[in-house]
Amino acid sequence: MRHGRTSQADTLLNKLAPARVAILGLSLLGATAWLTLSLMPVAVAADMPVYNLITKDGLFTPDLLEVPAGIKFKIVMKNDGSGPEEFESSDLHREKVATPGQSVSILLGPLKTGTYGFYGEFHPETAKGKIVAK
Amino acid sequence: MLSTAIIVFREVLEAALIVGIVLAASEGLARRGLWIGSGIAVGLGGALVVALSAGAIAAAVSGMGQELFNASILIIAVIMLGWHNVWMGRHGRELAREMNTVGRDVVAGNRPMYMLVAVVGLAVLREGSEVVLFLYGIAAAQQEQVGLMFAGGMLGLVLGAGMGLLLYLGMLRIPSKYLFNATSWLITLLAAGMASQAAGFLVQADMLPTLAPSLWDTSSLLPQKSLLGRLLQTLVGYTDRPMGIQVLFYIVTLGGIAMLMRAYSGVPVGKSTNAVTAEI
Numbered sequence: 002m003r004h005g006r007t008s009q010a011d012t013l014l015n016k017l018a019p020a021r022v023a024i025l026g027l028s029l030l031g032a033t034a035w036l037t038l039s040l041m042p043v044a045v046a047a048d049m050p051v052y053n054l055i056t057k058d059g060l061f062t063p064d065l066l067e068v069p070a071g072i073k074f075k076i077v078m079k080n081d082g083s084g085p086e087e088f089e090s091s092d093l094h095r096e097k098v099a100t101p102g103q104s105v106s107i108l109l110g111p112l113k114t115g116t117y118g119f120y121g122e123f124h125p126e127t128a129k130g131k132i133v134a135k
Numbered sequence: 009m010l011s012t013a014i015i016v017f018r019e020v021l022e023a024a025l026i027v028g029i030v031l032a033a034s035e036g037l038a039r040r041g042l043w044i045g046s047g048i049a050v051g052l053g054g055a056l057v058v059a060l061s062a063g064a065i066a067a068a069v070s071g072m073g074q075e076l077f078n079a080s081i082l083i084i085a086v087i088m089l090g091w092h093n094v095w096m097g098r099h100g101r102e103l104a105r106e107m108n109t110v111g112r113d114v115v116a117g118n119r120p121m122y123m124l125v126a127v128v129g130l131a132v133l134r135e136g137s138e139v140v141l142f143l144y145g146i147a148a149a150q151q152e153q154v155g156l157m158f159a160g161g162m163l164g165l166v167l168g169a170g171m172g173l174l175l176y177l178g179m180l181r182i183p184s185k186y187l188f189n190a191t192s193w194l195i196t197l198l199a200a201g202m203a204s205q206a207a208g209f210l211v212q213a214d215m216l217p218t219l220a221p222s223l224w225d226t227s228s229l230l231p232q233k234s235l236l237g238r239l240l241q242t243l244v245g246y247t248d249r250p251m252g253i254q255v256l257f258y259i260v261t262l263g264g265i266a267m268l269m270r271a272y273s274g275v276p277v278g279k280s281t282n283a284v285t286a287e288i
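The listed protein sequences correspond, in order, to chains R and L. Everything in the first sequence is counted per my numbering, starting at 2 for the first residue and increasing by one. Everything in the second sequence is counted per my numbering, starting at 9 for the first residue and increasing by one.
Hints should not be assumed to be uniformly reliable.
List time: in silico EDC-like cross-link candidates among lysine to aspartate or glutamate, alpha-carbon distance up to 16 Å [unchecked claim]: (1) LYS73(R) <-> ASP214(L); (2) LYS75(R) <-> ASP225(L); (3) LYS233(L) <-> ASP81(R); (4) LYS233(L) <-> GLU96(R); (5) LYS233(L) <-> ASP92(R).
Some residues of chain R that are not near chain L, with every Cβ distance over 10 Å (derived) [stated by the list, open to error]: (6) LEU29; (7) LEU65; (8) PRO69; (9) LEU108.
Don't read these hints as lab results, they were simulated from the structure. Just so you know, these numbers come straight off a predicted model, no measurement behind them. Glycine is no exception: its CB is placed at the ideal position from the N, C-alpha and C atoms.
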């Protein structure tokens, strides 16, 4: 049996499965952290316009943001509600979670002139807003 | 209660489908329940940690930590899925050549589960952390119907897991001769879809150009947020308005894995019973 020895070793490996999976989990966590850090972005331009957005218990304020077309800008969304919210937009390809009390940045643009919808993933019926690029 | 169920269902769906594919891909492997169960458990533990440190992750790397974290997880999963497929391409032939059942089982038993277990763990971690955040939010809000909403959450969880189970049972109906080939293709498509999602997160962090804001728009035909859209998004990487860079990542991953599998598969075996494996 040319596979005999490997088979025995494998049985032993299988017995240690939970421990090995835990080790695997830790190394994965390390790999993820390393990759995240090594992907450090090129410095985000500090001079881009910033638009503030507040999300609170399923409502966005303001629910209409007017931005200039053709330039990069940033939305800073603060969650004043009691639960988490996710800014999501299929038009803009963005999804970003904010926990209660947290402010998160969403980098956008340059956009063509037009209207782009966004909504709150955790309150899809009430949390709706639009960005109009002029 | 229903809206809670729907939200949790959506989040659970992707992880459940991945577990379903992994279950089908590891059919016949000794102690796979233990392996996959451990992967899910580690993923859930990780999801709790990620949910608890959501604030710190979001604030890291100039506020783009969430995007880079998601992209990193997806890229690592893509590498592991590709690795698994290349290994299978190399040893699948050996598997087919073993004429007796015992020999076949031994070779099958040596299949590397680490990669697939890790992918299960990563999928549960990524989707699970959002479920944890969402359910935590409900608990923190301390509304009257907390119990009802948790019941909704559980319903969503069970429905999502049910979809994964359906996929697994469906795949089991594929004759075992073809199952090998089918799971290889599914895993390749899954990896390509994940690579395209990772590209999306890197664009969001302003680290990659879009190349084209949307190559096509099928959102009126098949919205990505519909149930079928979501299923196809996970299984084959469907996007209703894909950015150019996403399509590029998709094609490169698909072609890359297919080429690596071909390059490492060795000399084709002419026998008709082995032809299926040879085509992988």
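Okay, the hints, checked on the actual structure:
{"no.": "1", "hint": "LYS73(R) <-> ASP214(L)", "result": "10 Å, holds"}
{"no.": "2", "hint": "LYS75(R) <-> ASP225(L)", "result": "25 Å, violated"}
{"no.": "3", "hint": "LYS233(L) <-> ASP81(R)", "result": "27 Å, violated"}
{"no.": "4", "hint": "LYS233(L) <-> GLU96(R)", "result": "13 Å, holds"}
{"no.": "5", "hint": "LYS233(L) <-> ASP92(R)", "result": "12 Å, holds"}
{"no.": "6", "hint": "LEU29", "result": "6 Å, violated"}
{"no.": "7", "hint": "LEU65", "result": "21 Å, holds"}
{"no.": "8", "hint": "PRO69", "result": "17 Å, holds"}
{"no.": "9", "hint": "LEU108", "result": "5 Å, violated"}
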